[in-house]
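A.B. asks: Listed below are the residues making up each chain.
Protein chains: 4
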Amino acid sequence: MNHLDLIQACQQEYTEYTEHAFVMQLANGQLNQAAYLHYLKQDFLFLKHYARAYALAIYKAQTLEEMRAPLPSLQALIENETCHHVTYCAQWGLTESDMEAEPEAFGTVAYTRYVLDTGMAGDLTDLYVALAPCAIGYADIGKALISHPETIVEGNPYHSWIELYSGDEFQTGARAGMDRLDTMMAGIDLNSPRGQRLCEIFKTATRMEIAFWQQGLDAAKA
Amino acid sequence: MNHLDLIQACQQEYTEYTEHAFVMQLANGQLNQAAYLHYLKQDFLFLKHYARAYALAIYKAQTLEEMRAPLPSLQALIENETCHHVTYCAQWGLTESDMEAEPEAFGTVAYTRYVLDTGMAGDLTDLYVALAPCAIGYADIGKALISHPETIVEGNPYHSWIELYSGDEFQTGARAGMDRLDTMMAGIDLNSPRGQRLCEIFKTATRMEIAFWQQGLDAAKA
Amino acid sequence: MNHLDLIQACQQEYTEYTEHAFVMQLANGQLNQAAYLHYLKQDFLFLKHYARAYALAIYKAQTLEEMRAPLPSLQALIENETCHHVTYCAQWGLTESDMEAEPEAFGTVAYTRYVLDTGMAGDLTDLYVALAPCAIGYADIGKALISHPETIVEGNPYHSWIELYSGDEFQTGARAGMDRLDTMMAGIDLNSPRGQRLCEIFKTATRMEIAFWQQGLDAAKA
Amino acid sequence: MNHLDLIQACQQEYTEYTEHAFVMQLANGQLNQAAYLHYLKQDFLFLKHYARAYALAIYKAQTLEEMRAPLPSLQALIENETCHHVTYCAQWGLTESDMEAEPEAFGTVAYTRYVLDTGMAGDLTDLYVALAPCAIGYADIGKALISHPETIVEGNPYHSWIELYSGDEFQTGARAGMDRLDTMMAGIDLNSPRGQRLCEIFKTATRMEIAFWQQGLDAAKA
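Chains as they are written, first to last, in full-length UniProt numbering: chain E, 1 to 222; chain X, 1 to 222; chain G, 1 to 222; chain C, 1 to 222.
Errors might be hidden in some of the hints.
Given that identical chains are not distinguished, each listed pair holds provided it fits within a single copy or across any two copies.
What the hints assert, rightly or not - Lysine to any residue pairs mimicking SDA-like chemistry, simulated, CA-CA at most 25 Å apart:
#, residue 1, residue 2
1, K48, K203
2, K221, D98
3, K221, S192
4, K203, T63
5, K203, L45
6, K221, R194
7, K48, R68
8, K221, L40
9, K203, T15
10, K221, L4
11, K221, L190
12, K48, G93
13, K48, Q11
14, K203, I152
15, K143, D98
16, K48, L4
Because the hints were derived from the structure by calculation, they are not lab data.
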């Protein structure tokens with residue numbers, strides 16, 4: 001099986017995630033700013049636990065090669081992405097201490113801890129499958145939005161977000177991750193209990209992504 | 001420090017949890033049945049991960065005494081409570097397969113995985129503190145509701161829930177858990193970084209309890 | 001694949017383990033008493049970590065059925081076997097405090113922590129395979145020795161050890177464990193990377209069993 | 001308490017470790033080459049699990065600062081030290097595939113898995129204390145041997161080993177690690193159960209270091 005099987009097994013949820021109202025409003029520039037700021041703050045808290053999940057992947061590795069694969073992501077997350085995120089958020093008037101003082105919202109807790117616990121209880125493949133909806137989904141969203149008829153470029157304050165995830169750097173990294181995942185799953189039969197379990201993990205993590213978008217929209221309503 | 005310090009450090013959240021609309025509607029019998037059924041189904045899924053957390057406590061133990069303490073809870077959860085839950089739910093027309101087919105809601109994922117990941121990343125005390133809002137809170141709710149002026153007994157379909165958690169068996173078990181927790185925290189200064197961290201864990205787990213009640217109410221609206 | 005494939009993939013080590021000098025001297029009654037006492041004390045420390053491994057199996061379970069399977073072993077280890085061990089050891093002049101004061105020998109650390117770390121880093125099947133040489137090996141040793149031409153019954157102070165492990169209770173329990181393991185491994189191809197990894201785990205754990213016997217003999221020489 | 005308290009609480013074992021026959025024979029150049037080669041091969045296997053332990057430290061971190069601290073060590077271990085080790089070993093006629101084909105010896109399993117399991121079951125401080133005898137001890141050994149009256153420079157094939165661990169780079173790194181550990185332990189009373197537990201962890205890990213040296217000497221005799 002490969003990553004396309006994972007998506008196909010939860011096509012409805014995957015579409016709900018990648019075409020969520022939050023996403024479409026990013027594209028057309030209509031997203032409520034409070035929703036975006038809530039998302040940015042929660043994403044900062046998310047990144048920390050996401051880095052912990054990559055560290056867990058190194059702990060779970062058996063070979064040096066398996067240890068080397070997640071290292072660049074881990075390093076990027078801890079050294080660059082959080083700094084980058086802080087710089088980007090500063091443009092929106094958010095300071096690092098604002099973000100650190102922010103309590104983790106339910107959706108952030110649900111998604112990050114689901115990935116970590118699934119990875120700890122299962123093996124390295126389970127962990128990578130739980131991590132997959134984030135990288136694959138953001139790559140698909142970026143690619144779709146950059147050429148989407150509803151996407152507004154001029155005057156869209158969120159267009160740089162679309163550029164980031166449709167950009168070569170992110171797309172190449174996500175592609176490399178998918179290739180590694182496909183290699184790991186190559187020997188697994190989609191219809192075996194193991195294959196079905198991986199589909200269930202991918203689906204649940206995808207549902208958590210939906211909740212993550214939704215909590216941004218809900219925050220603006222509250 | 002002791003468990004009262006944990007509560008006092010998040011008094012607002014603790015009150016929001018123990019006096020949640022879901023709880024007050026259980027007391028006065030006005031709770032929407034769909035909300036209750038959603039709660040029962042999610043609680044079944046919750047129990048499984050709660051049992052996993054007690055198993056984790058045994059993994060994390062250093063002495064035989066520490067291993068013996070959580071064993072009765074673990075055994076009760078796996079052998080009796082899930083069966084008991086199935087029997088109780090049957091009265092409400094829910095079968096075991098209904099419950100197993102139910103997807104885990106976000107609040108269930110958030111709460112259970114927060115406890116498990118906090119316990120895995122921290123030590124045995126962190127784990128027990130993450131578990132504490134459930135036992136302490138349900139004991140406090142049971143005690144408060146059984147003699148609450150707004151509680152309806154006659155014709156209240158939810159009164160047996162109140163009887164269960166106000167009953168001697170649950171109250172005694174919860175008290176024993178609090179005593180053990182107090183012993184574990186006896187040497188920790190509330191104002192030390194360690195003490196403050198434990199308060200943060202208790203507060204976050206309490207917030208997850210609030211989300212767990214809320215998702216029951218929300219399910220009925222959806 | 002099944003448990004016989006695991007044995008066949010490390011036949012030399014498995015024979016070295018199940019026909020170790022320590023074992024043969026138990027059978028003919030020639031075992032140095034200091035070696036046996038060292039073994040008993042280390043086995044007490046071993047049991048604690050072995051129980052932690054069964055608790056880990058419950059943490060790693062996905063279904064209630066998977067949670068129920070290791071519970072009797074866990075309970076027996078924590079409630080009965082350690083007590084039983086203490087009673088048995090008392091006949092040999094060892095008190096519980098003697099055993100608790102005993103530092104863990106290298107072989108005890110190596111074996112128990114290998115099982116726990118392999119189980120934590122891998123999945124539930126990896127954990128059960130790491131645990132397997134103990135149950136399967138002791139069952140095979142018990143069965144072989146009870147009717148072995150070199151086994152002495154009269155005046156052999158170690159004969160009750162042989163009776164314990166050749167007895168119906170232990171044999172039935174071990175057989176049930178093997179059956180569960182065979183079911184778990186049924187879909188795994190021996191020659192796949194997954195199958196080869198399981199063989200490697202079983203072999204390493206078997207080597208740790210050899211070291212565990214050897215440290216008993218070495219203790220008597222020191 | 002600080003790291004000196006840890007050493008003082010197991011002074012005898014710490015001396016046995018840092019002044020082990022293996023170490024003194026490195027200094028005077030009398031070490032059997034087979035013992036050294038065995039040590040090099042096992043050290044390669046050790047490094048992998050040591051890197052896993054640093055990854056575990058990132059998984060266990062709560063703050064970005066705690067995540068950043070172990071990252072350079074992790075990176076150095078995965079990217080440089082294993083390569084460096086391979087290059088160094090090539091001078092001794094060992095290829096990377098020789099090292100990968102080498103079965104892990106008991107002492108290697110015991111030490112690495114003790115650190116990993118202790119760190120997983122306990123908290124971040126437990127993990128760093130379990131890791132401490134390696135960095136502190138090698139720094140102390142390097143410093144002691146470089147100016148030791150019995151140390152031979154000319155014609156000593158092992159002198160570059162002494163140079164490595166007495167060198168500024170290793171000494172500075174080890175000192176930074178000790179400072180971080182001292183900060184973590186600053187609020188812990190040596191005589192509290194927590195303080196005594198940390199001493200027990202340090203002592204056990206130190207005993208595993210002794211076993212690691214000893215297995216090198218034993219390999220040469222076998």
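A.B. asks: If the cut is 25 Å between Cα atoms, do K48 and Q11 qualify within a copy, between copies, both or neither?
C.D. replies: neither (29 Å within a copy, 28 Å between copies)
A.B. asks: What label fits K48 with K203 when the C-alpha limit is 25 Å: within, between, both, or neither?
C.D. replies: both (23 Å within a copy, 20 Å between copies)
A.B. asks: With identical chains treated as interchangeable, where does the CA-CA distance between K221 and R194 reach 25 Å or less: within a copy, between copies, both, or neither?
C.D. replies: neither (41 Å within a copy, 36 Å between copies)
A.B. asks: Treating 25 Å as the Cα threshold, decide for K48 and L4: within, between, both or neither.
C.D. replies: For K48 and L4, the Cα distance exceeds 25 Å both inside one copy (28 Å) and across copies (31 Å).
A.B. asks: Give the relationship of K203 and I152 under a CA distance limit of 25 Å: within one copy only, between copies only, both, or neither.
C.D. replies: neither (31 Å within a copy, 42 Å between copies)
A.B. asks: Tell me, please, which holds for K203 and L45 at an alpha-carbon limit of 25 Å: within, between, both or neither?
C.D. replies: Both, since 22 Å and 17 Å are each at most 25 Å.
A.B. asks: Using 25 Å as the alpha carbon limit, work out where K48 and G93 are close: within a copy, between copies, both or neither.
C.D. replies: Classified as within: same-chain Cα gap 21 Å, cross-chain 43 Å, threshold 25 Å.
A.B. asks: Can you give me the call for K221 and S192, within, between, both or neither, at a CA distance of at most 25 Å?
C.D. replies: Neither. Shortest intra-copy (44 Å) and inter-copy (38 Å) distances fail the 25 Å Cα cut-off.
A.B. asks: Up to 25 Å between alpha-carbons, please classify K143 paired with D98: within, between, both or neither.
C.D. replies: Classified as neither: same-chain Cα gap 31 Å, cross-chain 39 Å, threshold 25 Å.
A.B. asks: Since the copies are identical, ignore which copy is meant and state whether K48 and R68 lie within 25 Å (CA to CA) inside a copy, between copies, both or neither.
C.D. replies: both (20 Å within a copy, 11 Å between copies)
A.B. asks: Between the shortest in-copy and the shortest cross-copy C-alpha distance, which are at most 25 Å for K203 and T63: within, between, both, or neither?
C.D. replies: between (29 Å within a copy, 18 Å between copies)
A.B. asks: Please work out whether the CA atoms of K221 and L4 approach to 25 Å or closer within one copy, between two copies, in both situations, or in neither?
C.D. replies: neither (35 Å within a copy, 35 Å between copies)
Going through the hint list in order, the structure does not satisfy hints 3, 6, 10, 11, 13, 14, 15, 16.
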